[in-house]
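S.K.: Could you put the whole structure together from the sequences, leaning on the hints where they help?
If you read the protein sequences in the order shown, they are chains F and W.
Every letter in the first sequence is one number past the one before it in my numbering, and letter 160, counting from 1, is 160.
Every letter in the second sequence is one number past the one before it in my numbering, and letter 155, counting from 1, is 155.
It is worth saying that the hints were derived from the structure and are not from the lab.
All C-beta atoms in this analysis are idealised placements derived from N, C-alpha and C, irrespective of residue type, glycine included.
Check each hint, because a few of them may be wrong.
[Claimed, not checked] Below, a list of computed lysine to aspartate or glutamate pairs in the EDC-like style, where the Cα atoms sit at most 16 angstroms apart:
#, chain 1, residue 1, chain 2, residue 2
1, F, Lys199, F, Asp65
2, W, Lys194, F, Asp7
3, W, Lys188, F, Glu57
4, W, Lys145, W, Glu181
5, W, Lys188, F, Asp7
6, W, Lys188, F, Glu44
7, W, Lys196, F, Asp7
8, W, Lys194, W, Asp79
9, W, Lys188, F, Glu47
10, W, Lys188, F, Asp56
11, W, Lys188, F, Glu291
12, F, Lys107, F, Asp56
[Stated by the list, open to error] Calculated Cβ distances over 12 angstroms to all of chain W for the following chain F residues:
#, residue
13, Met1
14, Asn6
15, Phe341
16, Arg352
17, Ser380
[Unchecked claim] Negatives, chain F to chain W, calculated, CB over 10 angstroms:
#, residue
18, Glu29
19, Glu47
20, Arg118
21, Glu305
For reference, the chains in residue letters:
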Amino acid sequence: MDFAFNDEHQALRAMVREFAESRIAPNAEAWDRDHHFPVDVVREMGELGLFGITADERWGGAGADFTNLCIAIEELARVDQSMAITLEAGVSLGINPIHEFGSEELKERWLPDLVAGRALAGFGLTEPGAGSDAAATATRAVLDGDEWVINGAKAFITNSGTDITSLVTITARTGPDEISCIVVPAGTPGFTVEPAYRKMGWRASDTHGLVFEDCRVPATNLVGERGRGFQQFLSTLDDGRIAIGAMAVGVLQCCLEQSVAYAKERESMGKPIGSYQAVAFKCADMEVMTEAARLLVYKAAWLKEQGGPFKQEAAVAKLYASEAAITATREATQVFGGAGFMDETLVSRQYRDAKVLEIGEGTSEVQRLVISRGLGLPVS
Amino acid sequence: MNIAVCVKQIPDPATPYELDDENHWIIRPEDQVLDDTDRSGVEVALQLAEATEGTVTLYSMSPSGTLQGIRQALAMGADAAVLIDDPALKGADALTTARVLAAAMQQEGFDLVIAGTESTDGYSGIMPQMMSEILDVPCLSFARKVDAGDGSVTIERQTSDGFDVVEAPIPALITVTAGIEPRYPTFKGIMQAKSKPVTTLTSADLGITNTVHQVIRSVEPVAARTAGEIIEDDGEAYLRIIEVLEQAKVV
Chain F
1 MDFAFNDEHQ
11 ALRAMVREFA
21 ESRIAPNAEA
31 WDRDHHFPVD
41 VVREMGELGL
51 FGITADERWG
61 GAGADFTNLC
71 IAIEELARVD
81 QSMAITLEAG
91 VSLGINPIHE
101 FGSEELKERW
111 LPDLVAGRAL
121 AGFGLTEPGA
131 GSDAAATATR
141 AVLDGDEWVI
151 NGAKAFITNS
161 GTDITSLVTI
171 TARTGPDEIS
181 CIVVPAGTPG
191 FTVEPAYRKM
201 GWRASDTHGL
211 VFEDCRVPAT
221 NLVGERGRGF
231 QQFLSTLDDG
241 RIAIGAMAVG
251 VLQCCLEQSV
261 AYAKERESMG
271 KPIGSYQAVA
281 FKCADMEVMT
291 EAARLLVYKA
301 AWLKEQGGPF
311 KQEAAVAKLY
321 ASEAAITATR
331 EATQVFGGAG
341 FMDETLVSRQ
351 YRDAKVLEIG
361 EGTSEVQRLV
371 ISRGLGLPVS
Chain W
1 MNIAVCVKQI
11 PDPATPYELD
21 DENHWIIRPE
31 DQVLDDTDRS
41 GVEVALQLAE
51 ATEGTVTLYS
61 MSPSGTLQGI
71 RQALAMGADA
81 AVLIDDPALK
91 GADALTTARV
101 LAAAMQQEGF
111 DLVIAGTEST
121 DGYSGIMPQM
131 MSEILDVPCL
141 SFARKVDAGD
151 GSVTIERQTS
161 DGFDVVEAPI
171 PALITVTAGI
181 EPRYPTFKGI
191 MQAKSKPVTT
201 LTSADLGITN
211 TVHQVIRSVE
221 PVAARTAGEI
231 IEDDGEAYLR
241 IIEVLEQAKV
251 V
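M.R.: Here it is in C-alpha cells:
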C-alpha cells in the first residue's frame, strides 16, 4: 500500500497552484460576471504543458501518468471550475478521442496544436433529444463519394466555439444500428456554432449548441472504425468521470479551506463562529468529504494506470465526489452567511458552478445505473 | 556563456520558522523551497543562456533534504546543480558561505555569476559582494535588467531615483532584484528536472577546512506594537501631524 504522491506530482501541484492563484483567482469573478472565456490564460495553460500532460511525446506531450492530469484539474478547480473544465474537456473530450482512436493522418493534422494548447477541440455527443440516452442520437452522417454529409444538432458542447477551437468530434448515426465518431473542423460550411448559452455556472467556460446542415467533411475524418462510436465514447467517458471527480476534489478543498479560515476570523456573539459546534461540525464534515473523495478519485486514477478495469471505481468516485462537492458548497455558503450569497465570495461561485458536476459526463443517475449494473443487478 | 547561479533552499516562508533552542539556528525541514529572490536570478540566467546558447549551473550550500527547492530551479530550465552539503558547514557565516561557493565555481568554471541581492531567511545581503572579491571579478549589483554583450555584460542598476547603466567585462558577478518576473516551470521541465545532474560536494572536496561559524547569542521577539497616538482635530491638528512626521524623518 502506498498513498503518497511522488515528487513530480508534488512539483506539478505547486506549479499549478501558483499559476491558478496568481493568474486565474484574481480574475475569475470578472470572467464569471462577463461570461468571458479568457483565451490568453488558456494559451498560458498550454505553454505550461497542462494540455499535454498525458499525450504521447510524438505529439508534443509529456507522456506522463493520468494522476498528474487529475492533480492539475483539481488545483484549477480549487480556484475556478471554469478553467478546470476547460482543461478537463480539452484533454478528455478534445484530445483523447483522436489520440486514442484516430488515424495517423488525423493525429498528425490536429494533435500538435491541441496538445500544445494552441487549439481546443470539443466532443459533440449530447443532442437536444439525446442526453443520457446516447443511443437516441439522431444526427446522421451519410457517405457520399469520399465525403460524409452530416445533418443534425448537438447541445451543451464545451470548448466548441472559442477563438482557438479547431474542431469538434461528433457522434453520428452512420447506419441503422451504427454510431460513429467523425471530426468536423471549425469553419466547415454547413457547421454552425450557435451563440453561447446563458448558464447558472461555469460561465467562463465556452459552451454552445451546434447545428449541421448538409455539412461535408472528408471520409477520412472518421475516427477509428466505422460503427465503433458508441464504444469509443463510453471509454472516453470512463476517463472523464475520474477527471470530473478530480474537479470535485478541488471544489471540496476550496470549501474546506475557505470555511475554516472564515470560521476562525468571523465573530458572532463575541466569539469566532468556529467555536460553535453548528459551524465547527460543518467544517469537520467537509474534511471527511474531502478526504473520502480524494481517496476515491486517486484510487480510480491509479487503477486506470495499472491497466485494470476501472469503470465501477470511476463511477463511484464521480458520483460520491460530485455530490459531496455540491453538499460542501451549500454548507460553505451557509458558513459565510449573508456574505456567502454575494458574488464576490468564492464559495458563492463554487456553489453555482458545482451543480453541473452531477450532470456533466454522466448524471448521478447514470452513475448509479452503471454501479448497480456493475453489482450484477438485472437491467430493467 | 557558462552561467553560475547562486540558489538557496529555505523553509517555506508561509510556515512559521522554528529556532533551535541551543544555538538559535533555523531548524531546516527536509522539504525546503527555492528562495523567491533566487527565482529572479535563475530567470535572468536562463534568458542570458538562451541568448548566448550557454548553460546554467546552480550552486547551493545547504542541507540537500529532498532537493525540492533545487528541483524547482532545474524545472525552470537550469541544466545542472552543484550542492555543497556538509554538516561541518552548519551555521557557517556569510564569509564562509562566499568562500565555499566561490571555490566550487572556480573548480567547475564560469563566465558569469548571478545571485539574488539577499536571501529571504538570512538577509545578510553581503554574500555576493564577498564572492566577487574572492573570485576577483567585478560586481554589478541591484540589476533590474541584464544584457549580454560581446565579452561583456550590461545591467540597469536600480537606484532610488531610477536606474544607472553599468557595464563590465566578463567574467563578472551580478546581483539581481526581485523585480524580474520569473517564469513558471513547465510540466515537461518538472519531468526533466528529475534526470538532470546534481553533484554533491563537501568542504573538504573544495579544500576548505577553516570554516567559521557565527554565534548567535540570543534571539528576542519583535516588541509588540504599541497603541498609536490619536490626534483629535481641534483645528490645529495639522501642526501635531507635521511634528510627528518630522520626528519620523519622513518629511
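S.K.: Looking at the structure, which of the earlier hints fail to hold?
M.R.: As far as the earlier hints go, 1, 11, 14 and 19 are violated by this structure, in ascending order.
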